[in-house]
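Q: Protein sequence lines correspond, in order, to chains A and B. Sequential numbering from 1 applies to the first sequence in the numbering used here. Sequential numbering from 1 applies to the second sequence in the numbering used here.
Just so you know, not all the hints are guaranteed correct.
With a cut-off of at most 27 angstroms between alpha-carbon atoms, the simulated DSS-like pairs for lysine-lysine come out as follows [claimed, not checked]:
| no. | chain 1 | residue 1 | chain 2 | residue 2 |
| --- | --- | --- | --- | --- |
| 1 | B | K440 | A | K145 |
| 2 | A | K149 | B | K29 |
| 3 | A | K98 | B | K506 |
| 4 | B | K522 | A | K274 |
| 5 | B | K522 | A | K98 |
| 6 | A | K98 | B | K29 |
| 7 | A | K98 | A | K109 |
| 8 | A | K291 | A | K217 |
| 9 | B | K440 | B | K522 |
| 10 | B | K442 | B | K522 |
| 11 | A | K109 | B | K29 |
| 12 | B | K258 | B | K156 |
| 13 | B | K442 | A | K145 |
| 14 | B | K522 | A | K149 |
Okay, the calculated beta carbon distance ranges per label pair [said to hold, decoys possible]:
| no. | chain 1 | residue 1 | chain 2 | residue 2 | range |
| --- | --- | --- | --- | --- | --- |
| 15 | A | E35 | B | P502 | 34 to 40 angstroms |
| 16 | A | D207 | B | P502 | 25 to 31 angstroms |
| 17 | B | R36 | A | T86 | 39 to 45 angstroms |
| 18 | B | F329 | A | E35 | 53 to 59 angstroms |
| 19 | A | D207 | B | V451 | 35 to 41 angstroms |
| 20 | B | I447 | A | D93 | 38 to 44 angstroms |
Just so you have them, the derived chain A footprint on chain B, three or more residues with Cβ under 8 angstroms [what the hints assert, rightly or not]:
| no. | stretch |
| --- | --- |
| 21 | 32-39 |
| 22 | 510-518 |
For the record, the hints were derived by calculation from the structure and aren't laboratory data. These numbers come from a predicted model, not from an experiment. Backbone N, C-alpha and C define an ideal beta-carbon position, used for all residues, glycine too.
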Amino acid sequence: MSDAVVELENVWKVFGNRAAEAMEAIRTEGIGKAEVLERFDAVVGVKDASFKVPEGEIFCLMGLSGSGKSTLVRHINRLIEPTAGTIRILGEDIGAMKPDALRALRADKIGMVFQNMALLPHRSVRDNIGFALELRGMDGYRKFKAADKALETVSLHGYGDRLPSELSGGMQQRVGLARALAADPEILLMDEPFSALDPLIRRNLQDEFLSLSANLKKTTVFITHDLDEAIRMGDRIGIMKDGEIVQIGTAEDIVTAPADDYVADFVAGISRLKLVSAAKIMVGADEHVAKFGPVPKGAPEAKPEDDLDTLVSLSTGTDLPVIIKSDGKAVGVVTKDTLLQGLQGGTAA
Amino acid sequence: MSGAETRDNFERDVSVGTFVGQNAAYYDKTFERLQRAELPHWHMNIWGLLFPWIWSSWRGVWLMFWLSLALDVTAITCLMQVVKFSPLLAEAQLNPEANTTLIPRYSGWISTYGTIGWILLIGGRLWMGRQANRWYYGQYNRWRILDSVSNGVAFKRVVLALVIMAICVPITTYRASQLRLDERACLNQVRAGEAVEDLLLRFELTDPTILSATLSAELSESQAAYDRLDALESPTAAQKSERSALRKSVRKLERENKAVNEYLAISTKDRFDCAFIDDFPTLTRIVPPGEVRYRRVPDEAAIAAGDLDATKVIIQQKPPVEGRRVTIFTYNAESIDTGINYLRAQYAGFFDAMTHILRQSLLRVEVAFMQTPWPVTAFLFLALSWAYTNRATTIFVAGSLAFLAVFELWQVAMQTMALVVVATAICVFVGLPVGIWMAKNKLFRWITEPVLDVMQTIPSLSYLVPAVAFFGISQPPAVLATVIFAIPPMVKLTALGILQVPESTKEAALAFGASERQLLRKVELPMAIPSIMAGLNQTIMLALSMATISAFIGAAGLGALVTESLGDAQAGKGLLAGIAIALVAMMIDRILRGIRASFSRI
Chain A
1 MSDAVVELEN
11 VWKVFGNRAA
21 EAMEAIRTEG
31 IGKAEVLERF
41 DAVVGVKDAS
51 FKVPEGEIFC
61 LMGLSGSGKS
71 TLVRHINRLI
81 EPTAGTIRIL
91 GEDIGAMKPD
101 ALRALRADKI
111 GMVFQNMALL
121 PHRSVRDNIG
131 FALELRGMDG
141 YRKFKAADKA
151 LETVSLHGYG
161 DRLPSELSGG
171 MQQRVGLARA
181 LAADPEILLM
191 DEPFSALDPL
201 IRRNLQDEFL
211 SLSANLKKTT
221 VFITHDLDEA
231 IRMGDRIGIM
241 KDGEIVQIGT
251 AEDIVTAPAD
261 DYVADFVAGI
271 SRLKLVSAAK
281 IMVGADEHVA
291 KFGPVPKGAP
301 EAKPEDDLDT
311 LVSLSTGTDL
321 PVIIKSDGKA
331 VGVVTKDTLL
341 QGLQGGTAA
Chain B
1 MSGAETRDNF
11 ERDVSVGTFV
21 GQNAAYYDKT
31 FERLQRAELP
41 HWHMNIWGLL
51 FPWIWSSWRG
61 VWLMFWLSLA
71 LDVTAITCLM
81 QVVKFSPLLA
91 EAQLNPEANT
101 TLIPRYSGWI
111 STYGTIGWIL
121 LIGGRLWMGR
131 QANRWYYGQY
141 NRWRILDSVS
151 NGVAFKRVVL
161 ALVIMAICVP
171 ITTYRASQLR
181 LDERACLNQV
191 RAGEAVEDLL
201 LRFELTDPTI
211 LSATLSAELS
221 ESQAAYDRLD
231 ALESPTAAQK
241 SERSALRKSV
251 RKLERENKAV
261 NEYLAISTKD
271 RFDCAFIDDF
281 PTLTRIVPPG
291 EVRYRRVPDE
301 AAIAAGDLDA
311 TKVIIQQKPP
321 VEGRRVTIFT
331 YNAESIDTGI
341 NYLRAQYAGF
351 FDAMTHILRQ
361 SLLRVEVAFM
371 QTPWPVTAFL
381 FLALSWAYTN
391 RATTIFVAGS
401 LAFLAVFELW
411 QVAMQTMALV
421 VVATAICVFV
431 GLPVGIWMAK
441 NKLFRWITEP
451 VLDVMQTIPS
461 LSYLVPAVAF
471 FGISQPPAVL
481 ATVIFAIPPM
491 VKLTALGILQ
501 VPESTKEAAL
511 AFGASERQLL
521 RKVELPMAIP
531 SIMAGLNQTI
541 MLALSMATIS
551 AFIGAAGLGA
561 LVTESLGDAQ
571 AGKGLLAGIA
581 IALVAMMIDR
591 ILRGIRASFS
601 RI
């Protein structure tokens with residue numbers, strides 16, 4: 001068994017009546033998207049996507065609309081069948097699952113939150129939340145309890161008897177989240193859950209989800225078209241473009257070392273204050289001493305994982321550089337020059 | 001239940017208590033067991049079992065009230081057949097040689113109706129007892145979402161229920177225990193009443209008993225005078241003419257006396273029967289004007305025509321004539337005829353069985369509509385519109401019912417309704433699954449859609465011809481033609497309602513592990529209900545319009561009146577019947593709309 005909860009391996013999705021032929025041609029002849037469209041009247045939705053999400057991680061898939069991120073996430077619970085590739089959930093290949101087992105997996109192991117909430121208008125909030133449990137044949141009493149518990153989790157206690165239409169958009173999305181959490185699944189799929197909300201409410205829900213996630217430790221695949229959101233939410237981020245994952249890494253990795261111009265353009269406007277750590281910009285302690293002599297006493301100290309924001313605070317009010325210490329040993333130095341360059345986008349290299 | 005769990009349940013305990021009003025502990029326990037799916041199948045609510053009417057109205061479970069009322073009334077009606085036929089059986093058994101076929105027939109009816117009656121009564125009660133708490137739990141769940149759902153206990157509702165029962169039950173029971181009234185009996189009653197009224201006027205009396213005495217006295221006086229003249233050996237011419245005049249007056253007095261005695265002999269029971277359990281009582285009979293004067297207009301057309309005596313000879317050709325040439329149209333028309341005749345002959349069993357089933361079901365529904373005493377039917381209509389629509393509509397419904405009653409169209413209208421009900425029921429049973437299939441299967445939709453369009457576009461009269469060809473003339477083919485005409489909106493709007501369910505909602509259901517069947521039952525059908533109800537409404541309206549047209553092939557009811565009046569060129573009759581049809585349609589439409597609106601609220 002692999003340690004990754006969600007694992008995608010070379011997943012392809014080609015849309016069209018002649019998808020299989022097109023896939024074969026891509027394999028053998030290595031033709032591109034344009035040619036696939038021309039020869040087989042087929043569209044490549046997902047191109048050779050591979051990633052692993054370990055337990056408890058929030059993995060953000062980021063990309064503009066049409067980049068295939070929603071398509072890709074629907075492969076994880078097989079709402080969309082891959083044209084090629086393997087998808088393993090909790091170590092099990094879901095491509096080989098029988099319909100019954102697949103339904104059980106969807107109901108028990110994977111919760112999903114949708115951009116447009118997709119609540120059932122004719123059911124009360126509680127019955128909406130208990131939907132997955134009901135589908136699994138849980139009796140009314142336990143369903144009631146579980147739904148109320150989920151409601152409490154998303155701080156909507158007491159709204160169980162309302163109809164979805166009586167709630168605001170933000171509340172409805174909380175219901176959507178509660179519905180996904182009710183069956184206590186191991187995996188959460190969030191398909192642009194907060195995109196349709198007002199900025200303030202979005203921010204609110206993001207914070208709540210983060211604190212919730214810190215407690216529940218659900219393995220989460222989070223789709224968004226908003227890089228700020230991806231950086232806020234994601235432990236790691238996968239950037240998608242035209243159905244292809246162009247880069248996977250932490251927010252810091254992506255901001256400091258974009259894989260290509262597309263990603264670089266994307267991250268250009270992002271504030272690095274909270275993203276980039278001291279370790280990324282510091283000059284080695286020996287190197288610094290060799291160049292400028294030993295650092296005077298009384299210089300402020302920081303840890304390698306402290307972000308630029310902390311370094312800026314430390315450097316104000318003093319002319320001395322900041323010493324970066326790990327385990328009590330100086331590993332590097334950040335001068336004002338390095339700090340300013342780092343803020344602008346440069347790295348130690 | 002442990003202490004911790006009780007505390008855990010605190011909130012729900014309180015709300016069950018608020019909902020039930022009384023006996024909270026029992027219902028809280030029962031509801032919880034229901035929720036946990038631990039309630040045994042035989043679990044019964046004793047009150048629901050023994051007194052379903054009272055329990056359900058006290059607690060406001062109106063569905064159960066109406067169901068138990070309907071069940072019990074049906075059961076009582078069946079049992080009353082036993083009461084009705086038992087004396088007849090005894091009578092037949094007294095002189096067996098009089099009519100031996102009657103004995104097995106009566107005893108068969110008695111045992112059949114008796115068995116059905118007891119099964120309905122006991123089985124119905126058991127069902128009510130079992131369902132009581134389950135329905136009550138359902139109502140509790142609706143109440144949690146919608147505060148306006150009736151809750152608590154109220155004696156006011158029990159009083160209302162008792163009033164409803166007092167209106168419906170005794171008269172229906174009585175009706176069921178009586179043999180069908182002689183059609184002329186009630187008319188004779190009215191005639192006797194009119195005769196007595198005239199006589200009272202003539203003798204300037206008010207009391208029919210005194211009238212009878214006066215008439216008897218006058219009769220014996222005239223009789224004596226006549227006898228005196230009759231006894232004369234050789235009467236003169238004057239005496240002869242006087243004698244014959246006296247004889248006439250004696251005859252007349254005899255007749256009048258007889259009428260008065262007949263009138264006096266009419267029992268209160270007979271009066272009651274004619275007033276309440278048969279057709280709506282004929283209120284008045286009006287003397288029509290003896291002479292109507294029109295302005296004279298020269299009849300130009302008759303003068304111009306001239307050859308009124310000319311006759312037409314129609315030469316009928318037998319179809320297979322050697323060397324006969326026909327147009328393509330005729331050829332195909334005749335081929336279809338042949339095909340229909342072939343099918344009719346080949347599958348006679350099938351068509352006869354269909355006809356039989358249709359006739360029997362129509363008969364049952366007709367009995368329900370026509371034999372239910374008119375006050376009960378009228379009350380139910382008013383109650384429905386009161387419960388589901390506004391005051392103005394209720395007044396309109398009352399007015400429409402009054403129109404039907406006063407113009408003596410009640411029974412005829414009920415016949416039409418029976419036909420519409422049967423046709424609509426078939427439309428729902430066939431249309432709903434077909435609609436679902438259409439929504440689910442693209443190919444089927446592709447095939448069905450044009451067929452439905454054609455069904456709606458073909459003039460409705462055209463349906464009558466094949467219906468007659470396959471099923472003959474009478475009510476069953478009329479029902480069938482009505483079904484074909486009325487089914488398209490049911491199918492189309494069912495399919496539309498399901499197709500309208502947003503893709504994202506379906507996707508969400510699938511993402512949470514719904515199977516195809518669960519998707520249909522828990523997501524698509526509930527969300528399609530407004531559309532399906534709209535389809536039902538349209539179907540009923542179309543059925544009503546087709547029920548009129550199918551009078552051409554023998555459908556009874558208001559339509560028959562219209563076609564009759566067409567044949568006899570009686571514009572007035574046709575117009576009144578037409579208005580009645582319109583009123584029936586509007587009545588049903590308004591009530592259904594009200595029901596739909598209340599459905600969409602939850």
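Q: The structure should be examined with respect to each hint, and the outcome stated for every one.
A: Quick rundown of the hints versus the structure:
| no. | hint | result |
| --- | --- | --- |
| 1 | K440/B with K145/A | violated, 35 angstroms |
| 2 | K149/A with K29/B | holds, 21 angstroms |
| 3 | K98/A with K506/B | holds, 20 angstroms |
| 4 | K522/B with K274/A | violated, 47 angstroms |
| 5 | K522/B with K98/A | holds, 23 angstroms |
| 6 | K98/A with K29/B | violated, 40 angstroms |
| 7 | K98/A with K109/A | holds, 16 angstroms |
| 8 | K291/A with K217/A | violated, 47 angstroms |
| 9 | K440/B with K522/B | holds, 15 angstroms |
| 10 | K442/B with K522/B | holds, 22 angstroms |
| 11 | K109/A with K29/B | violated, 33 angstroms |
| 12 | K258/B with K156/B | violated, 53 angstroms |
| 13 | K442/B with K145/A | violated, 41 angstroms |
| 14 | K522/B with K149/A | holds, 23 angstroms |
| 15 | E35/A with P502/B: 34 to 40 angstroms | holds, 35 angstroms |
| 16 | D207/A with P502/B: 25 to 31 angstroms | holds, 30 angstroms |
| 17 | R36/B with T86/A: 39 to 45 angstroms | holds, 41 angstroms |
| 18 | F329/B with E35/A: 53 to 59 angstroms | holds, 57 angstroms |
| 19 | D207/A with V451/B: 35 to 41 angstroms | violated, 58 angstroms |
| 20 | I447/B with D93/A: 38 to 44 angstroms | holds, 40 angstroms |
| 21 | 32-39 | holds (count 6) |
| 22 | 510-518 | holds (count 7) |
Hints 1, 4, 6, 8, 11, 12, 13, 19, counting from the list given before, are not met by this structure.
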